[in-house]
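Student: Chains as they are written, first to last, in numbering that gives the first Met the number 0: chain A, 0 to 207; chain B, 0 to 207.
Hints were generated in silico from the structure; no laboratory data involved. Any given hint could turn out to be false.
It does not matter which identical chain is meant; a pair holds if it fits inside one copy or across any two.
Stated by the list, open to error - Taking lysine-lysine pairs in the DSS-like style, the calculated list, with each CA pair at most 25 Å apart, reads: (1) Lys8 / Lys95; (2) Lys198 / Lys51; (3) Lys54 / Lys4; (4) Lys198 / Lys160; (5) Lys8 / Lys50; (6) Lys8 / Lys51; (7) Lys160 / Lys4; (8) Lys175 / Lys54; (9) Lys51 / Lys4; (10) Lys198 / Lys95; (11) Lys4 / Lys198; (12) Lys160 / Lys22; (13) Lys4 / Lys22; (14) Lys95 / Lys4; (15) Lys160 / Lys95; (16) Lys8 / Lys54; (17) Lys50 / Lys22; (18) Lys198 / Lys22; (19) Lys22 / Lys54.
Protein chains: 2
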Amino acid sequence: MHLPKAVQKLNEAFQRLPGIGPKSAARLTFYLLNVPQVFLDEFASAVTGLKKHTKTCSVCFNIDETDPCSICCDSARDQSTICIVEHPLDVVAIEKSGGFRGLYHVLGGVVNPLENIGPDQLHIYDLLPRLESATISEIILATNPTMEGEATAMYITRIIKNSQPKAGRPRAENIKITRIGRGLPTGADLQYADDLTLKRSLEGRREY
Amino acid sequence: MHLPKAVQKLNEAFQRLPGIGPKSAARLTFYLLNVPQVFLDEFASAVTGLKKHTKTCSVCFNIDETDPCSICCDSARDQSTICIVEHPLDVVAIEKSGGFRGLYHVLGGVVNPLENIGPDQLHIYDLLPRLESATISEIILATNPTMEGEATAMYITRIIKNSQPKAGRPRAENIKITRIGRGLPTGADLQYADDLTLKRSLEGRREY
Numbered sequence: 000m001h002l003p004k005a006v007q008k009l010n011e012a013f014q015r016l017p018g019i020g021p022k023s024a025a026r027l028t029f030y031l032l033n034v035p036q037v038f039l040d041e042f043a044s045a046v047t048g049l050k051k052h053t054k055t056c057s058v059c060f061n062i063d064e065t066d067p068c069s070i071c072c073d074s075a076r077d078q079s080t081i082c083i084v085e086h087p088l089d090v091v092a093i094e095k096s097g098g099f100r101g102l103y104h105v106l107g108g109v110v111n112p113l114e115n116i117g118p119d120q121l122h123i124y125d126l127l128p129r130l131e132s133a134t135i136s137e138i139i140l141a142t143n144p145t146m147e148g149e150a151t152a153m154y155i156t157r158i159i160k161n162s163q164p165k166a167g168r169p170r171a172e173n174i175k176i177t178r179i180g181r182g183l184p185t186g187a188d189l190q191y192a193d194d195l196t197l198k199r200s201l202e203g204r205r206e207y
Numbered sequence: 000m001h002l003p004k005a006v007q008k009l010n011e012a013f014q015r016l017p018g019i020g021p022k023s024a025a026r027l028t029f030y031l032l033n034v035p036q037v038f039l040d041e042f043a044s045a046v047t048g049l050k051k052h053t054k055t056c057s058v059c060f061n062i063d064e065t066d067p068c069s070i071c072c073d074s075a076r077d078q079s080t081i082c083i084v085e086h087p088l089d090v091v092a093i094e095k096s097g098g099f100r101g102l103y104h105v106l107g108g109v110v111n112p113l114e115n116i117g118p119d120q121l122h123i124y125d126l127l128p129r130l131e132s133a134t135i136s137e138i139i140l141a142t143n144p145t146m147e148g149e150a151t152a153m154y155i156t157r158i159i160k161n162s163q164p165k166a167g168r169p170r171a172e173n174i175k176i177t178r179i180g181r182g183l184p185t186g187a188d189l190q191y192a193d194d195l196t197l198k199r200s201l202e203g204r205r206e207y
């Protein structure tokens, strides 16, 4: 079947996005054929402008309009705690939860040997200079509770513990390293929970 | 949580697409933050160029680069059969199946009183002039087997039958009107099929 080139082109562009297969791509493309050109132009300018009007923070590697980002610049935030996350979207999720008022460090992914992603492709070593500041007292490892996330958390713990302290500043030992709590998510059903979640939930029990 | 304006803008644009909610939109937007600008520019030009480089065929209302479209212009196709479908994507699906070599008529949707879509919003009446050509001998109603699709098929049948024949050309009675076959889809499991599908499948049985 011969499709117009313009349709094919957009179809292919959509298919390069994560989670969009050939059928969804076609649905989106044919939907856009029925919207006003004004919306198409707005959409296109949002796409081209995306990276031009955003910056990666050189301190925490979060995405923002300024560098350093608004979180790193905000002196009202707790400067003693750094929460380590995989992606900028994790920062959005944690901020939305309202459960954290410290600083972040965005790794940009996880160590994943199968996909050839080693620590050097991530912002793991960029964390070390930040720890030399006298104010940092806690590191929260908030990588995902997946195999890769756990491995990355373990790797970071090791390099923090092994990091060479600057003269007269044996910091690493004084920094508390914590991992986000594991257990049943709110609204979950005990009988449908998997074994590992239940096990971690029991291990992570707290006094009531 | 304060997000960069460029991110918010693209997020909102994605959320206006069908089947993309706030979470998928955010995932797509943050994915695009990590692709080269070249791809963003290509994507944007595909979006703006979509409608500029496509035309709606004035005969069958399919989408193509030319008007009339390549199917309407193709004299090698069976000029005596018109297959009526809801959307241009249905044309793509039928063409891919290879089961039809006639002409199409794209309605642009179905009659749907709940969404305020009446026959006048569709290309139903545009079908009548096409039937006056002496070559048309069959109309295949290939609207979806949904409530709205069935109602639209019934409505079209009625207006064809009631259409005023041009002087000396009592065409409507000579045109065979058929509905696409109903039954179990290939690979289906009889025991999981719904009642109506099974009923239609029995009604639509053929000699073996």
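Student: Work down the list of hints and note, for each, if the structure agrees.
Tutor: A quick look at each hint next to the structure:
Only between protomers do Lys8 and Lys95 lie at most 25 Å apart by alpha-carbon distance; the minimum there is 19 Å, versus 37 Å within a single protomer. Neither within a single protomer nor between protomers do Lys198 and Lys51 lie at most 25 Å apart by alpha-carbon distance, with minima of 46 Å and 58 Å respectively. For a Cα distance limit of 25 Å, the shortest separation of Lys54 from Lys4 across copies, 12 Å, qualifies, whereas the shortest one inside one copy, 34 Å, does not. In this assembly of identical chains, the alpha carbons of Lys198 and Lys160 never lie at most 25 Å apart, being 27 Å within a copy and 70 Å across copies at closest.
Taking the shortest alpha-carbon separations for Lys8 and Lys50, both the intra-copy value of 22 Å and the inter-copy value of 12 Å come in at or below 25 Å. For the identical chains of this complex, Lys8 and Lys51 are neighbours both inside a copy (23 Å) and across copies (13 Å), given an alpha-carbon limit of 25 Å. For the identical chains of this complex, Lys160 and Lys4 are neighbours neither inside a copy (57 Å) nor across copies (39 Å), given an alpha-carbon limit of 25 Å. When the C-alpha separation of Lys175 and Lys54 is checked against a cutoff of 25 Å, the pair qualifies neither within a copy, at 30 Å, nor between copies, at 64 Å.
With identical chains, the CA atoms of Lys51 and Lys4 are at most 25 Å apart between copies only, with a shortest distance of 11 Å across copies and 28 Å within one. In this assembly of identical chains, Lys198 and Lys95 lie within 25 Å of each other by CA distance neither inside one copy nor across copies; the values are 28 Å within and 51 Å between. In this assembly of identical chains, the alpha carbons of Lys4 and Lys198 never lie at most 25 Å apart, being 55 Å within a copy and 42 Å across copies at closest. Proximity of Lys160 to Lys22 under the C-alpha cut-off of 25 Å is found in neither arrangement, the shortest distances being 49 Å within a copy and 36 Å between copies.
In this assembly of identical chains, Lys4 and Lys22 lie within 25 Å of each other by CA distance solely inside one copy; the values are 17 Å within and 31 Å between copies. In this homomeric assembly, Lys95 and Lys4 come within 25 Å of each other (Cα to Cα) only across copies, at 17 Å, whereas the closest approach inside a single copy is 42 Å. In the homo-oligomer, the alpha carbons of Lys160 and Lys95 never lie at most 25 Å apart, since the shortest distance is 31 Å inside one protomer and 60 Å across protomers. Within a single copy, Lys8 and Lys54 get their C-alpha atoms only as close as 29 Å, which misses the 25 Å cut-off; across copies the closest is 15 Å, which meets it.
For a Cα distance limit of 25 Å, the shortest separation of Lys50 from Lys22 across copies, 20 Å, qualifies, whereas the shortest one inside one copy, 28 Å, does not. In this assembly of identical chains, the alpha carbons of Lys198 and Lys22 never lie at most 25 Å apart, being 40 Å within a copy and 29 Å across copies at closest. Taking the shortest Cα distances, Lys22 and Lys54 sit within 25 Å of each other only across copies (22 Å), while inside one copy they are farther apart (34 Å).
The structure does not agree with the numbered hints 2, 4, 7, 8, 10, 11, 12, 15 and 18 stated previously, though it agrees with the rest.
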